[in-house]
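Number of protein chains: 2
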Amino acid sequence: MVKFGGKFAALTLSMNGSEGVLYTTEIRKMTTVYKKWGYRMKKLPLQKAFTFLEPGPVVLVTTADKDKLNVMTISWTMVLDFTPRFAFMTGSWNFSYKSLIKNRECVIAIPTVEYLKKTVQIGSISGAKIDKFKKFKLSPLEAASVKSPLIKECYANIECKIIDYIQKHNIFILEAIEAWVDDSNKAPRFFHAVGDGRFIVDGEKVNHRRIMMDKIPSGV
Amino acid sequence: MVKFGGKFAALTLSMNGSEGVLYTTEIRKMTTVYKKWGYRMKKLPLQKAFTFLEPGPVVLVTTADKDKLNVMTISWTMVLDFTPRFAFMTGSWNFSYKSLIKNRECVIAIPTVEYLKKTVQIGSISGAKIDKFKKFKLSPLEAASVKSPLIKECYANIECKIIDYIQKHNIFILEAIEAWVDDSNKAPRFFHAVGDGRFIVDGEKVNHRRIMMDKIPSGV
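In order, the protein sequences belong to chains A and B. Taking the numbering used here, I'd label the letters of the first sequence as residues 1 to 220. Taking the numbering used here, I'd label the letters of the second sequence as residues 221 to 440.
This is chain A alone, in the form it adopts within the complex (with noise of 0.2 Å):
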């Protein structure tokens, strides 16, 4: 459990399987949050979390280090693997970095059409000085395996422990642990960055899975 300092006073409920707390100080509030998000969040399984990545939109990714939670935009993701195994590229320029590497772990929170301005703003300020999730009205979740928070606000939350850190190349590879999503929203459309400040949002579906059956794992 991670003790989060000042508004995040560290509370926590007993938890199992899909369920999990609010940070707050009220008991009462997060007590009527923690009902929220059990029926917001749904379990995913984990077979299933590489989908929200492979497609590539624009991720934010959280840590905890100690009692400080920051969220970072990244674009430059990959999926690696079903089991699922993903890899992102950061580095020591990078806020966020001295906590993946000390607590090898963090949550990818995938954030909708909604909210593309918030990540761009996320994206282009620094965690060294500010409480992001505070500046951006972002309410932290508590994870079920990990201790970088989940966002609610957020259609899908991966929570994953980093399991190698390629130096060289800035690769970070994680293995997802748990995953969620809030399926009150039935037409999620994600967002992805072309590199030069235009983004694309998701357009229309087009399903070949009769072509690709032979390609597709058991349970996607």
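Simulated from the structure, these hints should not be mistaken for lab results. A hint or two may mislead.
[As the list claims (entries may be wrong)] EDC-like mimics (lysine to aspartate or glutamate), calculated; alpha carbons at most 20 Å apart, straight line:
| hint | chain 1 | residue 1 | chain 2 | residue 2 |
| --- | --- | --- | --- | --- |
| 1 | A | Lys43 | A | Asp183 |
| 2 | B | Lys318 | B | Asp351 |
| 3 | A | Lys168 | B | Glu395 |
| 4 | A | Lys118 | B | Glu424 |
[What the hints assert, rightly or not] Now the in silico label distances, taken between C-beta atoms and shown as ranges:
| hint | chain 1 | residue 1 | chain 2 | residue 2 | range |
| --- | --- | --- | --- | --- | --- |
| 5 | A | Lys215 | B | Lys262 | 30 to 36 Å |
| 6 | A | Lys215 | B | Lys357 | 18 to 24 Å |
| 7 | B | Asn405 | A | Asn207 | 32 to 38 Å |
| 8 | A | Ser145 | B | Ile345 | 38 to 44 Å |
| 9 | B | Lys357 | A | Ser139 | 40 to 46 Å |
[Claimed, not checked] Here chain B is said to cover these stretches of chain A; the calculated rule only asks that three of the stretch's residues, wherever they fall, bring their Cβ under 8 Å from a Cβ of chain B:
| hint | region |
| --- | --- |
| 10 | 55-68 |
| 11 | 130-136 |
| 12 | 167-177 |
| 13 | 201-212 |
C-beta atoms are modelled at their ideal positions from N, C-alpha and C, and glycine is treated no differently.
With the hints as your guide, set chain B onto chain A.
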């Protein structure tokens, strides 16, 4: 110069910078297409090449091993640097793997939505026993700096050297050395794999260049 057997008998024209040659046995036809290519494929400033990979589209990767051209479909890619450097994941189960390891080069070709179904089909069969360029009516164009062919039907083509291979995680590290775009298509739309047989086509574009000005490298 790679020698292509059968239909792809090797023929060259003098090359200078942004020009190239279509592989064909008919000189006249070749010259025509050569000119056409000179028109269609424009040299893309190398520092902009990452903007085609960063959104996370499905891509085609071509290789040339002696007289054998091949093309595979890949969705697991990542930008590593603006210079530009990329990563993708594949392994020995893939027919192109041997050529990637041996020849240390490839071309990343980015297809538009008009080629979605064909791209899925290309990814669903192995090049071990068939000529996928022939089967799928793709036109290989001679690249400027690698032996792997460009694909005339793709909007962007990026010539890459493989500068490292991280066997433990099946990650190839690539450095782009030339890039081309077919700018006759004024509104190209690319597509992203979900991983479960569905694909997401590019939708609306949103510009947040002003917010992230400090993060955009010069010339992009």
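How the hints compare with the structure:
For the given pair, A:Lys43 sits about 10 Å from A:Asp183 by alpha-carbon distance, which is consistent with the 20 Å threshold. With a CA separation close to 16 Å, the supplied pair B:Lys318 and B:Asp351 stays within the 20 Å bound. Of the supplied pair hints, the one linking A:Lys168 and B:Glu395 holds, its CA atoms being roughly 14 Å apart against a limit of 20 Å. Using a Cα cut-off of 20 Å, the hinted pair A:Lys118 and B:Glu424 holds, with the two alpha carbons roughly 18 Å apart.
A beta carbon spacing of about 34 Å between A:Lys215 and B:Lys262 agrees with the range 30 to 36 Å that was offered as a hint. Evaluation of the 18 to 24 Å hint for A:Lys215 and B:Lys357 yields a pass: the beta carbon distance comes to about 22 Å. The hint said 32 to 38 Å for the Cβ distance between B:Asn405 and A:Asn207, and at roughly 25 Å that hint is violated. Between A:Ser145 and B:Ile345 the beta carbon distance is about 39 Å. The supplied range of 38 to 44 Å therefore holds.
Checked against the given bound of 40 to 46 Å, the beta carbons of B:Lys357 and A:Ser139, roughly 52 Å apart, lie outside it. Figure legend: the region 55-68 of chain A, annotated as covered by chain B; annotation consistent (3 residues with Cβ-Cβ distances under 8 Å, at least 3 required). Residue count for the region 130-136 of chain A with a Cβ under 8 Å from a Cβ of chain B: 0. That is fewer than the three needed, and the coverage hint is violated. Counting residues of the region 167-177 of chain A whose beta-carbon sits less than 8 Å from any beta-carbon of chain B gives 5, enough to reach three: the coverage restraint holds.
Here's how the region 201-212 of chain A fares: 12 of its residues keep a CB closer than 8 Å to some CB of chain B, so the rule of at least three is met and the hint holds.
Hint compliance for this structure: hints 7, 9, 11 are not met, and every other hint is.
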